[in-house]
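Q: Line by line, the protein sequences give chains A and B. When you number the first sequence by this note's numbering, it's gap-free, plus one each residue, and the end is 153. When you number the second sequence by this note's numbering, it's gap-free, plus one each residue, and the end is 119.
Bear in mind the hints are in silico, worked out from the structure with no lab data behind them. Think of the CB as a built atom: it goes at the ideal place given N, C-alpha and C, for glycine as much as any other residue. Some hints could be false.
Claimed, not checked - 27 Å max Cα-Cα, derived DSS-like pairs, lysine-lysine:
#1 B:21 / A:110
#2 A:96 / A:110
#3 A:107 / B:17
#4 A:42 / A:107
#5 A:42 / B:23
#6 A:82 / B:84
#7 A:107 / A:96
#8 B:17 / A:82
Stated by the list, open to error - Here chain B is said to cover these stretches of chain A; the calculated rule only asks that three of the stretch's residues, wherever they fall, bring their Cβ under 8 Å from a Cβ of chain B:
#9 83-93
#10 143-152
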Amino acid sequence: QKEVEQDPGPLSVPEGAIVSLNCTYSNSAFQYFMWYRQYSRKGPELLMYTYSSGNKEDGRFTAQVDKSSKYISLFIRDSQPSDSATYLCAMRESGGGADGLTFGKGTHLIIQP
Amino acid sequence: GAGVSQTPSNKVTEKGKYVELRCDPISGHTALYWYRQSLGQGPEFLIYFQGTGAADDSGLPNDRFFAVRPEGSVSTLKIQRTERGDSAVYLCASSFSRGETQYFGPGTRLLVL
């Protein structure tokens, strides 16, 4: 079992729908949680950054972290065709832990006009 | 300001050859990371530099892979005796300091024939 599990999709939804993306993880040392968006043939771009458990909202995006369940989510409201991309969850340990990010496989999201 | 840049964008080589991949981090960023992203997978951590030194090289797959950052800015990832399994996108990221947000470059697509 990989440290971070993420359904690769593809996930196809109509424009305007609410999108829910999620990841589960097994390493309880993870304290920092990120969502990156990656367009085809581009590098990952940071969308959301959360420390420990809780919610964070930024425009149409909301990130949730539930450390007790080892489960994180990203919600996209009023989805647009330009949101079509691969969404990667990423995690990192705190303090003196590993410095590299541990990523999920990424979920390929398609927003149909 | 300018983001992380990587050269070349694409590299095609033959099995057994030596390749060098270059990363120019964001100016002023002291931390630099290399990741490898295989098709359909999330990025996998290779190595982390703090300044000129490799602080964590636990992700390098074997001794054919080596990276340097002699002046604490530009970094070069070196792969000796390339194998077909080395074909992937090699991503570089930088952050202001250890533990801060990582910003990714566009990657170098390496194809080993």
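Q: Which numbered conditions among the earlier hints are violated in the structure presented, ordered from lowest to highest?
A: 1, 3, 5
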